[in-house]
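Colleague: First to last, the sequence lines map onto chains U and Y.
First residue of the first sequence? That's 1 in UniProt numbering, and the numbers climb one at a time after it.
First residue of the second sequence? That's 1 in UniProt numbering, and the numbers climb one at a time after it.
These are computed hints drawn from the structure, not numbers from a lab.
Any given hint could be a false lead.
Since copy identity is lost for identical chains, a pair holds within one copy or between any two.
To be verified - In the SDA-like style, the derived pairs of lysine to any residue whose C-alpha atoms are separated by at most 20 Å in a straight line are:
(1) 434 with 569
(2) 116 with 95
(3) 311 with 138
(4) 178 with 12
(5) 311 with 136
(6) 434 with 499
(7) 311 with 44
(8) 291 with 611
(9) 494 with 244
(10) 167 with 603
(11) 8 with 20
(12) 3 with 508
(13) 59 with 244
(14) 51 with 41
(15) 51 with 136
(16) 614 with 41
(17) 178 with 608
(18) 3 with 290
(19) 194 with 514
(20) 207 with 192
(21) 246 with 115
(22) 22 with 224
There are 2 protein chains.
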Amino acid sequence: MKKLANIKSPVPSDIDVSQSLKLWSIRRIAQSIGIQDNELELHGDSRGRIKLDVLERLKNKPNGKYVLVTGINPTPFGEGKTTTSVGLSQSIGAHLNKKVFTCLRCPSRGPTFGIKGGAAGGGYSQVIPMETFNLDVPDIDAVAIANNLLSAAIDTRMFHERTQTNKGLFKRLCPADKKGERFFTKAMISRLTKLGIYKTNPNDLTKEEIADFVRLDLDPDTISWRRVVDVNDRFLRGITVGNGPKERGQIRSTGFDIAVASECMVILALSNSLHDMRERMGKIVVGMSKKGVPITAEDIGAAGAMTVLMKESLKPSLMQTLERTPVLVHAGPFANIAHGNSSIIADKIALKLVGEDGYVVTEAGFGADCGAEKFFNIKCRSSGLVPNCSVIVATARALKHHGGASLKECKETNVGALKRGVVNLVKHVENMKKFGVPVVVALNRFHTDTDEECDVILNAAKRAGAFDAVISDHFSKGGLGAVNLAKSVERACKQKSNFKFLYDLDQPIKKKIGIIAREIYGADGVDYLNNTNEKIEEYEKNGFGNLPICVAKTQYSFSHDAKLLGRPSGFRIPVQDIRASVGAGFVFPILGAISTMPGLPTRPAYYNVDVDEKGNILGLF
Amino acid sequence: MKKLANIKSPVPSDIDVSQSLKLWSIRRIAQSIGIQDNELELHGDSRGRIKLDVLERLKNKPNGKYVLVTGINPTPFGEGKTTTSVGLSQSIGAHLNKKVFTCLRCPSRGPTFGIKGGAAGGGYSQVIPMETFNLDVPDIDAVAIANNLLSAAIDTRMFHERTQTNKGLFKRLCPADKKGERFFTKAMISRLTKLGIYKTNPNDLTKEEIADFVRLDLDPDTISWRRVVDVNDRFLRGITVGNGPKERGQIRSTGFDIAVASECMVILALSNSLHDMRERMGKIVVGMSKKGVPITAEDIGAAGAMTVLMKESLKPSLMQTLERTPVLVHAGPFANIAHGNSSIIADKIALKLVGEDGYVVTEAGFGADCGAEKFFNIKCRSSGLVPNCSVIVATARALKHHGGASLKECKETNVGALKRGVVNLVKHVENMKKFGVPVVVALNRFHTDTDEECDVILNAAKRAGAFDAVISDHFSKGGLGAVNLAKSVERACKQKSNFKFLYDLDQPIKKKIGIIAREIYGADGVDYLNNTNEKIEEYEKNGFGNLPICVAKTQYSFSHDAKLLGRPSGFRIPVQDIRASVGAGFVFPILGAISTMPGLPTRPAYYNVDVDEKGNILGLF
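Just chain U, with the same shape it has in the complex:
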């Protein structure tokens, strides 16, 4: 850890700040947090991977304090959750001299080259180097290829089933080896078990058993598995595949999602071990057979290979902040159709490494109605970890917008709008308390915010039951600007955590959705539209009823409607569609049109990106 020297005002551009400091070697960062040399794999000069062996070595060591950073419902500008996570960590590490880890998600290159730019924090609270953080994201490449191997396997399997007899399929699926013997692979044994066939010698199967075994009989209209790419390619949202002459007319409508929307990414984020990941891969449901049986990646025979393709990615990547505190970058699932949280494995490793007196700061995407609710009910349920404190990041800008100011107006002083809009923050504070976790509100202050405005926010937060509410100025000052926040978090973590889930898994799907809708969103109830009633019945019949719920909805409102700002009431949420990510392990009701593939603007960020004569990267932000 090393405090920042020479802080400039006004704050230079993010890339100028990022490139102004000399990196510590990753080995030095690792040593500073107690990672042994044999537990560190270097990947270039500015990133390392931590081997999972560290969990075995430290299994009897107590965990550190577990701090979630979440936020109010944001504006399209973003309200600085990542920047706050980094600033808070810099403060805990370099200013309070406690052990600390920041756990962040891998950024997709889609937004980096599209509209949003990078995701490494900002100002004097950044992960460095930003080039590595934003561009060197092998977890996403691994997810994409595992996802797409399964896609290729699905269409090709349908093709082979369509063009071959049972006998031909069986002969090819279980060919004789060099010694003339046939055998079933692990995936085949799983499929046979699912069919109630407990034979291990291919020669013993009856004609009927062979037919059941070789024909997955996928109904093309039910296939929900889509291909992915880590680029904002809107023209792949809806495509037709199989137009080539050799595919003999097997044409199908499907599409691509951005890679971070892949269920494989969720699996990476929610797995507790390699074994756990392998099991989840096998459970992925790609569609239904014509008889209505869910067909899995295990049935297809691809789950083992998918796991192998993602095996290296299970090791979180070690990086550093501007004040040389350690960061783990790992996974990066979408925050709507997925749970939008950084990985369980990174958090677990970090908690052991910081130890009893240390802190792990982990971030959840979107507002607390999505990110934090899913953190508690999905991620903590899968990990068994208990959070000690929740930090809600708020900005005066966004709260003014919630109080009726337009996006342009809300940069100006407007105490009236702020007083109306602060109810958004109040509701989030109340929500966090339902999980039994102390809440600290971090007001991410902009230099234009007046003292009066700040007081409105801090007072409202405290009245709503926040353990504390403080101004944080980490963007301009780094860890130094977040010392008050860090001290509040420290005190909050000394409170007894009464952490509890909002719902039990064994309740029916609709009951669970209803609890989230009423308790978290403040809705009057839930309407099930289209064929969602039938789908829920089908999921419960197929044994998916006991999964947690991951609501896919807008981040801009507590409700399903981005325009319902503040603390809306008197609304019902419409479940337009519902889907299941069985491998990831949740059911996701969809409350409106959710884009799983962003587009590019007329002037995308890539226009600025280039290399200079010396090979330096230009134009990232």
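Starting from the structure of chain U, add chain Y where the hints point.
Modeller: Using the frame of chain U, we list chain Y on its own:
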């Protein structure tokens, strides 16, 4: 370097051999060949990247000997070029105690999980660990995302041009910055220069100039740039994009290629520096404007970002053989529509590192009619390097097939078929001599080959003018089995190289194609079918006439027809289509249906791939 101990007979499976040895640390490998610590970037425990700085440090050092490994026209089994490259290197390094480097291509995961399996060599001549070699191939991921960023940019640009006025486009392409000023990016200046507009202030453009500047006016029917994925996904060969409702009916037929078929991969392989790569990226032609002007990646504004996405991949990856000689794995372009050679940068680094008394063994794909011809005429032309020796790998099996034995029969002794088929080897030897490079024939011996069969091959090769022809048994014995081959190569490299290109670049396209057809393939002439005459005229008009030629054809025959085995004569080659990879820097005539996207068999290799309880990878081969 370390000789193998405990060689077993029969040879265990590739993965068992690969996993039976303890790796040397990559740092130790690097040190053994003179790479300094600050020139090495570790990437995990078994791979490192070499920084291009090493070229600057060693720029005044003489190059080592440059040895190309190529082959006869193979059977579908493959005849062991990679295994021979590795075995020869193990022998030079661990048995002759000379400095040596092996330069290989990155393997695509398509074939690894499809039919072919891995590509790390075999038996006792392998690159280890094979898991890393076959699965950890970030160069391909970088190529794929750079390629696909351009694809997304093309369709989205057409969309924005279709839906916006000139004024709207210009306002968005050159928005005012925070200070209210507008500026052109580097890519925009390039486009303006192409249009003959030499203004640097956006405010100075006339209405007409704005129209020319903002409208690329791509003709959708001319777009040749396809998307890529590193999976054998045949259902992506022909697709329709833009079916989503928000794309407003902008539908187009296109398709995906396997990632290694991307022009970005060729650029990676043929670039001499980062600057060179940036220039080539900008020159990529994606299609034609409606007025017939080639539209480039520079026009689209994506070439800088594509370069940034591939910047790290420009550093070759260091690995090791079973006898701990150093290997560079880098790039991996397709061997038909591209030139199928490992990278220039890897070869250059290796040649400097081994120095005057050392050897660099580099491999070219397909038979010598494709791989070696393109190595000499395309790769050596781009690099300026001069080869010292060419090794042609031959097997009795393949030569029997060339003599009329079926693929099944050719495993059995058949001197008659061999005597007929050996003409294939003879023609390849004669061809190599046309380039003025001494040829050593390496008979990759199988244990079933009789002495008589071996003699037929060796004698024919010598009579044809090979500098030497020797039996090599590196599969069963590692470097020890290739000592005779290594000694022959050593002697051949002491010969004076009279290297020359087969054609001059300033000859017309048809003249160059004709020279290759007659001299290398033994054809009587060339027929230009479909609209290839017009396309050639157009290319020459657009200034692409002085590029070298990269013929896309079958690897199984000297001709365009896979069934014309041996040394065919009395045939003419049909140019069915012709295309230009202007960024890569060649024109490629297509002699028949060339698949740029392989399929998966009914029982793909992925079925066997899994992890065991301890996390080891199973089922790779």
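Colleague: Run every hint past the structure and note whether it holds.
Modeller: Cross-check of the supplied hints:
1. 434 with 569: Classified as within; 18 Å inside a copy, 84 Å across copies.
2. 116 with 95: Result: close neither inside a copy nor across copies, 31 Å intra and 56 Å inter.
3. 311 with 138: Both ways: residue 311 and residue 138 sit 12 Å apart in one copy and 14 Å across, limit 20 Å.
4. 178 with 12: between (67 Å within a copy, 14 Å between copies)
5. 311 with 136: both (17 Å within a copy, 11 Å between copies)
6. 434 with 499: So residue 434 and residue 499 pass the 20 Å test inside one copy only (9 Å; across, 79 Å).
7. 311 with 44: For residue 311 and residue 44, the Cα distance is within 20 Å both inside one copy (19 Å) and across copies (13 Å).
8. 291 with 611: Neither: 56 Å inside a chain and 32 Å across chains, both beyond 20 Å.
9. 494 with 244: Close neither inside one copy (64 Å) nor across copies (52 Å); limit 20 Å.
10. 167 with 603: between (56 Å within a copy, 14 Å between copies)
11. 8 with 20: So residue 8 and residue 20 pass the 20 Å test inside one copy only (11 Å; across, 57 Å).
12. 3 with 508: Neither, since 51 Å and 65 Å both go past 20 Å.
13. 59 with 244: Neither: 54 Å inside a chain and 50 Å across chains, both beyond 20 Å.
14. 51 with 41: Both: 7 Å inside a chain and 18 Å across chains, each within 20 Å.
15. 51 with 136: Result: close both inside a copy and across copies, 18 Å intra and 16 Å inter.
16. 614 with 41: For residue 614 and residue 41, the Cα distance is within 20 Å only across copies (19 Å; inside one copy 28 Å).
17. 178 with 608: Classified as between; 15 Å across copies, 57 Å inside a copy.
18. 3 with 290: Answer is neither; intra-copy 63 Å and inter-copy 59 Å both fail.
19. 194 with 514: neither (33 Å within a copy, 61 Å between copies)
20. 207 with 192: Intra 14 Å, inter 70 Å, cutoff 20 Å: intra-copy only.
21. 246 with 115: between (39 Å within a copy, 18 Å between copies)
22. 22 with 224: Neither: 47 Å inside a copy, 44 Å across copies.
In summary, the structure is inconsistent with hints 2, 8, 9, 12, 13, 18, 19 and 22 from the numbered list given earlier, while agreeing with the others.
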